[in-house]
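**Q** So the chains spell out like this:
There are 2 protein chains.
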Amino acid sequence: MDTLITHVNIVTMDERMSMWTDAFLGVTDGKIAYIGKKAPEEKPATIIDGTGMVLMPGLINAHTHLPMSVLRGYADDLKLQDWLENQIWPREAHMDDRCVKAATLLGIAECLRFGVTSVSEMYDHCGAICEAVAESGIKANVARGTTMFLGDDFDFEKFPACREMMDIHKKWAGYDNGRIKIDVSIHGEYTSSYQLWDAYAEYAINEGLQMHVHLSETKKEHDECVERCGLTPAQVLDCHHVFDVPTTAAHCIWLTEDDMKLLAKRRVSAVHCPVSNMKLASGFADVMGMVKAGMNVCLGTDSVASNNNLDLFEEIKAAALMAKAKTGDPTAVPAEAALMMATVCGAKAQGREKECGMIKEGMDADLILLDFNQPHLIPCHNVLSHLVYAVSGHDVAMTMVRGKVLYMDGRFPTIDLPAVMKELHDYAIPTVFREDEKESAE
Amino acid sequence: MDTLITHVNIVTMDERMSMWTDAFLGVTDGKIAYIGKKAPEEKPATIIDGTGMVLMPGLINAHTHLPMSVLRGYADDLKLQDWLENQIWPREAHMDDRCVKAATLLGIAECLRFGVTSVSEMYDHCGAICEAVAESGIKANVARGTTMFLGDDFDFEKFPACREMMDIHKKWAGYDNGRIKIDVSIHGEYTSSYQLWDAYAEYAINEGLQMHVHLSETKKEHDECVERCGLTPAQVLDCHHVFDVPTTAAHCIWLTEDDMKLLAKRRVSAVHCPVSNMKLASGFADVMGMVKAGMNVCLGTDSVASNNNLDLFEEIKAAALMAKAKTGDPTAVPAEAALMMATVCGAKAQGREKECGMIKEGMDADLILLDFNQPHLIPCHNVLSHLVYAVSGHDVAMTMVRGKVLYMDGRFPTIDLPAVMKELHDYAIPTVFREDEKESAE
Chain P
3 MDTLITHVNI VTMDERMSMW TDAFLGVTDG KIAYIGKKAP EEKPATIIDG
53 TGMVLMPGLI NAHTHLPMSV LRGYADDLKL QDWLENQIWP REAHMDDRCV
103 KAATLLGIAE CLRFGVTSVS EMYDHCGAIC EAVAESGIKA NVARGTTMFL
153 GDDFDFEKFP ACREMMDIHK KWAGYDNGRI KIDVSIHGEY TSSYQLWDAY
203 AEYAINEGLQ MHVHLSETKK EHDECVERCG LTPAQVLDCH HVFDVPTTAA
253 HCIWLTEDDM KLLAKRRVSA VHCPVSNMKL ASGFADVMGM VKAGMNVCLG
303 TDSVASNNNL DLFEEIKAAA LMAKAKTGDP TAVPAEAALM MATVCGAKAQ
353 GREKECGMIK EGMDADLILL DFNQPHLIPC HNVLSHLVYA VSGHDVAMTM
403 VRGKVLYMDG RFPTIDLPAV MKELHDYAIP TVFREDEKES AE
Chain W
3 MDTLITHVNI VTMDERMSMW TDAFLGVTDG KIAYIGKKAP EEKPATIIDG
53 TGMVLMPGLI NAHTHLPMSV LRGYADDLKL QDWLENQIWP REAHMDDRCV
103 KAATLLGIAE CLRFGVTSVS EMYDHCGAIC EAVAESGIKA NVARGTTMFL
153 GDDFDFEKFP ACREMMDIHK KWAGYDNGRI KIDVSIHGEY TSSYQLWDAY
203 AEYAINEGLQ MHVHLSETKK EHDECVERCG LTPAQVLDCH HVFDVPTTAA
253 HCIWLTEDDM KLLAKRRVSA VHCPVSNMKL ASGFADVMGM VKAGMNVCLG
303 TDSVASNNNL DLFEEIKAAA LMAKAKTGDP TAVPAEAALM MATVCGAKAQ
353 GREKECGMIK EGMDADLILL DFNQPHLIPC HNVLSHLVYA VSGHDVAMTM
403 VRGKVLYMDG RFPTIDLPAV MKELHDYAIP TVFREDEKES AE
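Residue numbers (my numbering), protein chains in the order written: chain P, 3 to 444; chain W, 3 to 444.
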């Protein structure tokens, strides 16, 4: 046995929502090998004292753009189009592989610090992202978010984003026994044309990959699609076979009831991003409606440009609160449901439900420990309630992926944070925020 | 000079929103005595290194019920009436002075840990609350929240809650040079009758005290008042002179436009409690409407039974997000406005605007330091944006009231936290959660 966590309270998130108090959990070869009320007979190489701690499955951030950490807090409190067109896109145009790698490592450090063990990432410069994921030890579904407006001039083999997608698929898919998965990503209905949808759907079907899209995030996007072709974004992408593979659809704020039924049937997972949705004033996703329709609903932070942190515990609380506020019903999305969204449902969206999202013998040891010995968590009448309504990601004391400690007490064993900071300050920030020649000439 | 904070970035929250980088702030006799780019000539007794830190005014929690910390997470995800009548009130009926003192000390520790330097408290057993406030060093406006259904049988001099109010007024008002202030508190329009309103309004006017009420928190409360007497709760309380003194009105969710104009004219401060309002599905307060009408709007956590923590930084973020979501306008309640609500506007509501809420020479040294050397706060393009959208109360490294450090790096110099925990576990929790004789006989 490699590691034994002792005297710990365990929230398994398994099918029966089993809870253990003052229990022992053993890890062997990256897997959960033992759970019990007594210490196992086998001697562990390492012991972690879990007294007064809560152990739960690592959280799954099912929609983010980690390299945007370099843009954190750069442009807030602006109208969406102004924000995107005048602030975010011009900076993103300056990003290169080196910037992206440094910014992704920073983002991963933040994820680990806040108890996230797996992310679904959509961005570009994905080779650099995969390198950062590989080095850090976190799990990730990486997708090259593709925008494409060429129409019939579109040539799949020559289009740079498609080439990048195929390159990372070839180089990184299945890396480290599946720690990295490559998904296919149409950025959104409104940022591409059907030639891309057809080509990517075909590629994903043939290669057995999953899909990651933005869907009905804004009323404008949704309404313009209906006006243009008489179909909702969900319907039109479905016509082009995009949902023939398991799909992660971020936001899903303006879905119709029919959309929800369709997406449930097509096994599409919705990623609810309540903080980003509120900050950008995009609207209130109908989480209860999606769940009732049979959809799998999980949680994402979106990027730190619209959040502005990667603390998924904030999303858990925001999801529970927002559902109550939207429906006027304080029983909507109770604590247990909000926690499932961040664990079991996230794992399902990533196609990782057999490996993580709950604590069970044989599953990967993707685990987090939270320190409950603090004034704001005392008394503790109900652990689940605390995890949703009182806890913060700052209460995470240890984050482990496949049995390997990636964060503990302020330290990141796999990430040289001072070196990452230096790279950000010496290279990434000056590069992203340099003036364009045109700008400076004006 | 008693204390010098060196090489620190200062967010003053003064009228010009002055900001200082790599500056020095000196404290003498509990007051801010020096702010400058150079170290002062006078030698300080103590130096606090502020490198990489942000110094800002301590936060003001303008509506809370600290003794309810003993009920944290006890009953969530329930309908309001079920929650109140079957869960909260039966437990509160068991509270005594000793429970309240222990639970208040726990609540104060949590406030200090999250950067709150002054609270507006409404509860009962207020003598015990004042003792806890006195010992801990925090500032507080303490009010005996009074419910009264007696009608003409009401006898001010004999009614226990009124006696308690007068007792604490006599014993504690102005304690420690105004660190404790006593307010008068009508719990709410729907939990009392006009005989109390008349008597409390008269008392507050004669004694020069402020008022603290719950106002239009739920649609039911608001509508029933209109049905009963043809006036809104704000109008009916105004008719009884309740707002003849500066008043703190918590929630203000269902105010009409006329209510807002009336309350602005009457110098009533609204306390927005966005997390509690969402959790209890009470509705969305119209913060922008109140501000436009000229009201002073500040922030409160409400109690941990409906939150479930006292991290006012969560309210700051929630206020900014909720306003955007409610109005559909991402420019609503920008970062600066949200920070003002938690500082300057809170101080005004408490009648403390001349002593705290901003950093300025001569004001009380009610200050907090936040550690910006962390992955989730890097890079820092905009300090104000970070303070609202990226920071958590957990980033507070030091909390000082009148120049005295009350929290630093996990330690509470004025609160014996292990003793408080012992008192909670040995006495307060068993007392509050004991079975009633009637219950146990059933």
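Keep in mind that the hints are not guaranteed to be accurate.
What the hints assert, rightly or not - Some chain P residues close to chain W (C-beta under 10 Å, calculated; not the full set): (1) N11; (2) G75; (3) L264; (4) A266; (5) V277; (6) E338; (7) Q376; (8) V390.
As the list claims (entries may be wrong) - Output of the computed footprint for chain P on chain W, the stretches with three or more beta carbons under 8 Å from beta carbons of chain P: (9) 20–28; (10) 74–86; (11) 145–157; (12) 305–314; (13) 391–398.
I should point out that these hints are in silico values taken from the structure, not numbers from a laboratory.
Cβ coordinates follow ideal geometry from the N, Cα and C atoms, glycine included.
**Q** With reference to the structure, classify each hint as holding or not holding.
**A** Evaluation of the provided hints:
1. Interface restraint check for N11/P: the shortest CB-CB distance to chain W comes to about 14 Å, outside 10 Å, so the restraint is violated.
2. For G75/P, the interface hint holds, since its Cβ comes within 10 Å of a Cβ in chain W; the closest pair sits about 4 Å apart.
3. Because the closest C-beta pair between L264/P and chain W is about 26 Å apart, greater than 10 Å, the hint is violated.
4. A distance limit of 10 Å between C-beta atoms decides the matter here; for A266/P the minimum to chain W is near 24 Å, and the interface restraint is violated.
5. The restraint placing V277/P at the interface with chain W holds, with a minimum CB-CB distance near 7 Å, inside the 10 Å limit.
6. The interface hint given for E338/P holds, since its Cβ lies 9 Å from the closest Cβ of chain W, which is under the 10 Å cut-off.
7. A hinted interface residue such as Q376/P counts as satisfied when its beta carbon comes closer than 10 Å to some beta carbon of chain W; here the least separation is about 8 Å, so the hint holds.
8. Interface hint at V390/P: satisfied, since its Cβ lies 8 Å from the closest Cβ of chain W, which is below the 10 Å cut-off.
9. Here the segment 20–28 of chain W counts 0 residues with a CB under 8 Å from a CB of chain P, which misses the bar of 3, and the coverage is violated.
10. By the rule of at least three residues with a Cβ nearer than 8 Å to a Cβ of chain P, the coverage given for the segment 74–86 of chain W holds, with 9 such residues.
11. Only residues whose C-beta sits within less than 8 Å of a C-beta in chain P count toward coverage, and the segment 145–157 of chain W has 0 of them, not enough to reach three; the restraint is violated.
12. As drawn, the segment 305–314 of chain W meets chain P at 6 residues by the rule of a beta-carbon pair under 8 Å; at three or more, the given contact holds.
13. With a threshold of 8 Å between beta carbons, the proposed coverage of the segment 391–398 of chain W by chain P holds, since 6 of its residues qualify and at least three are required.
Hint compliance for this structure: hints 1, 3, 4, 9 and 11 are not met, and every other hint is.
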